[in-house]
Amino acid sequence: MPAGTLYRGREGMWSWVAHRVTGVLIFFFLFVHVLDTALVRVSPEAYDNVVATYKTPIVNVMEYGLVAAILFHALNGLRVIAVDFWSKGPRYQKQMLWSVVAVWALLMAGAFYPVLQHTLRTLFGS
Amino acid sequence: MSAETTPAVSGVDDVTLYDVDNPAPVIEAPRKRTKKTPKATRTNFEMYGWLFMRLSGILLVVLVLGHLLIQLVLDGGVSKIGFAFVAGRWASPFWQAWDLIMLWLAMLHGANGLRTVINDYAERDNTRFWLKMLLYTATVFTVLLGTLVIFTFDPNIR
Numbered sequence: 001m002p003a004g005t006l007y008r009g010r011e012g013m014w015s016w017v018a019h020r021v022t023g024v025l026i027f028f029f030l031f032v033h034v035l036d037t038a039l040v041r042v043s044p045e046a047y048d049n050v051v052a053t054y055k056t057p058i059v060n061v062m063e064y065g066l067v068a069a070i071l072f073h074a075l076n077g078l079r080v081i082a083v084d085f086w087s088k089g090p091r092y093q094k095q096m097l098w099s100v101v102a103v104w105a106l107l108m109a110g111a112f113y114p115v116l117q118h119t120l121r122t123l124f125g126s
Numbered sequence: 001m002s003a004e005t006t007p008a009v010s011g012v013d014d015v016t017l018y019d020v021d022n023p024a025p026v027i028e029a030p031r032k033r034t035k036k037t038p039k040a041t042r043t044n045f046e047m048y049g050w051l052f053m054r055l056s057g058i059l060l061v062v063l064v065l066g067h068l069l070i071q072l073v074l075d076g077g078v079s080k081i082g083f084a085f086v087a088g089r090w091a092s093p094f095w096q097a098w099d100l101i102m103l104w105l106a107m108l109h110g111a112n113g114l115r116t117v118i119n120d121y122a123e124r125d126n127t128r129f130w131l132k133m134l135l136y137t138a139t140v141f142t143v144l145l146g147t148l149v150i151f152t153f154d155p156n157i158r
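Residue numbers (full-length UniProt numbering), protein chains in the order written: chain C, 1 to 126; chain P, 1 to 158.
Treat the hints as calculated values from the structure; they're not laboratory data.
Small disclaimer: the values here were computed from a predicted structure and weren't measured.
One should not assume that every hint holds.
[What the hints assert, rightly or not] In silico DMTMM-like pairs for lysine to aspartate or glutamate, Cα to Cα no more than 25 Å straight-line:
no.: 1; chain 1: P; residue 1: Lys80; chain 2: C; residue 2: Asp36
no.: 2; chain 1: C; residue 1: Lys55; chain 2: P; residue 2: Asp75
no.: 3; chain 1: P; residue 1: Lys80; chain 2: C; residue 2: Glu45
no.: 4; chain 1: P; residue 1: Lys32; chain 2: C; residue 2: Glu45
no.: 5; chain 1: P; residue 1: Lys36; chain 2: P; residue 2: Glu123
Construct the entire structure; sequences and hints are all you get.
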């Protein structure tokens, strides 16, 4: 470990890094999302036009990535709350992170078809 | 420190790297109070910000995951979304309230998170100030725009 740094590596630091990165990404998407939704005040056509972008294969895959970022941020956020407020939280932070990763992987596997079905259907037929 | 003067590292800790003649560097606590810290900033704002992140976080887990479930997972995923779908959902005050609360909490939660990130990485006073001004301007604009859209939505616009 380099001297004079607060960065300690391992589960504690890397979950913190991932929490920051996913948080910033989600916040930037939120700006875009409020702007695209605001088009319902312009006309139904303008709104349906922008939503058509969300239905293209590349953006559909990005939506799966968005779900991945939000799920991690949500589950790890609950872990952070447990570390802060549960008396045994700090002692079990590693176990809680691996539980977060396990639940995240399970939910991502479950979300694969439902989220990507639009692309799967258009690319590989009905 | 050269390899020759480094004592043998025993076990998991690197404590043996340092001794009386070769002390470990002191790491100052982040944002430590100094003589230059103005009295006016001595409020509990950061504590309330910290608490808000946790409380809004719990609510957002329910609101945002519910939103994702409805919009991207159930009933054909993204395929069904369009003006008619939005009109159908915002016909109900329940979903209007859901989206309004989600908008405000998510924007404030995200803005406070990005404020922390800016404070951590932007080291020049000027850069930090202007990045935060940009953040606050964009946040106020987006919250007001979203609120206006939810309250003035007209399903018969055309």
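We went through each hint and held it up to the structure:
A distance of roughly 16 Å separates the Cα atoms of Lys80(P) and Asp36(C); the hinted pair therefore holds under the 25 Å criterion. Distance hint between Lys55(C) and Asp75(P) is fulfilled; the C-alpha atoms sit about 15 Å from each other, no more than 25 Å. Of the pairs offered as hints, the one joining Lys80(P) and Glu45(C) holds, with about 15 Å between alpha carbons and a cut-off of 25 Å not exceeded. A C-alpha spacing of about 54 Å is found between Lys32(P) and Glu45(C), which places the hinted pair above 25 Å, so the restraint is violated.
Distance check on the hinted pair: Lys36(P) and Glu123(P) sit about 17 Å apart at the alpha-carbon level, within 25 Å; holds.
Hint compliance for this structure: hint 4 alone is broken.
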